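According to UniProt numbering, the residues represented by the sequence shown are 1 to 298, in order.
Heads up, some of the hints might be wrong.
To be verified - Estimated spans, in silico, between C-beta atoms of each pair: (1) Leu-247 <-> Ala-163: 56 to 62 Å; (2) Asp-155 <-> Lys-14: 52 to 58 Å; (3) Asn-37 <-> His-159: 41 to 47 Å; (4) Leu-279 <-> Ile-170: 56 to 62 Å; (5) Asp-102 <-> Arg-201: 25 to 31 Å; (6) Ile-170 <-> Asn-205: 29 to 35 Å; (7) Tyr-6 <-> Asp-102: 50 to 56 Å; (8) Ile-170 <-> Leu-247: 51 to 57 Å; (9) Gly-243 <-> Glu-220: 30 to 36 Å.
Since the hints were derived computationally from the structure, they do not count as laboratory data. Predicted model, so just to flag it, every value in this text is computed and none were measured. Glycine included, each C-beta is placed from N, C-alpha and C at the ideal position.
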Amino acid sequence: MSSFDYLKSAIKQKGCTLQQVAEASGMTKGYLSQLLNAKIKSPSAQKLEALHRFLGLEFPRRQKSVGVVFGKFYPLHTGHIYLIQRACSQVDELHIIMGYDDTRDRELFEESAMSQQPTVPDRLRWLLQTFKYQKNIRIHAFNEEGMEPYPHGWDVWSHGIRAFMSEKGIEPNRIYTSEEADAPQYLEHLGIETVLIDPKRTFMNISGGQIRENPFRYWEYIPTEVKPFFVRTVAILGGESSGKSTLVNKLANIFNTTSAWEYGRDYVFSHLGGDEMALQYSDYDKIALGMRSILILR
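The task is simple: from the sequences and hints, build the whole structure.
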């Protein structure tokens, strides 16, 4: 007998179709069907609670499940996002702890092909922007200064991270990672159950090191919020009607990127009746700001 048979009975009594129940509970019909047949190993706590609420059932309260993900996110990539999304669907609360060390981070940058070094606020912004709509995710920055770099220094690091989590009131009962070698270390030094997500990189075959070595080769693995950091803005200068717009469009197509049109031309049409003879000095700051806003949006 399935542990969710009582849910099947409640759905039958309510007289709703699986599709109606799924939509009202914020899940797909396929997910609901697998859930009811106990095919999902770690069902989402949020989805279960929503289902109970819709069916008018009391949600069986249990100890809150708290997960944690550690990482440098240097830079954040789609492999990290996959790990975090999988983790946050299995716990009530997920804490992402981003480690930083000025000396180590500088060395990583100097050994990389990146044109600029991501700052701690850059990395925090990527995480905060990417997960801003997921209310069960909390993001923290942990100073690892003076600790031996990975994969050494587990004793010192674990002592420091214990103190940090205690200070922040974080009491995890699960650690999520994609690094197979880290799982036994977490268990030994922190005594917390560790869950491996995609350790063989079969779903997301990418690492931070690969992106640091060649960001544009692994462009598809760089998230939307991170891409602007790596994008180079190129200005094409030339005389009037010399083919700048055509050249920009062709270059954008060749390099699979975006382009920005000449804002000044639009401004002359919309504000000056289409004739530049009405231009004044006071128009140039508006044209410059308009061009800047287009570049930012791109």
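Now the hints, each set against the structure:
no., hint, in the structure
1, Leu-247 <-> Ala-163: 56 to 62 Å, "holds, 58 Å"
2, Asp-155 <-> Lys-14: 52 to 58 Å, "holds, 55 Å"
3, Asn-37 <-> His-159: 41 to 47 Å, "holds, 45 Å"
4, Leu-279 <-> Ile-170: 56 to 62 Å, "holds, 59 Å"
5, Asp-102 <-> Arg-201: 25 to 31 Å, "holds, 29 Å"
6, Ile-170 <-> Asn-205: 29 to 35 Å, "holds, 31 Å"
7, Tyr-6 <-> Asp-102: 50 to 56 Å, "holds, 55 Å"
8, Ile-170 <-> Leu-247: 51 to 57 Å, "holds, 54 Å"
9, Gly-243 <-> Glu-220: 30 to 36 Å, "holds, 31 Å"
The structure agrees with every numbered hint stated previously.
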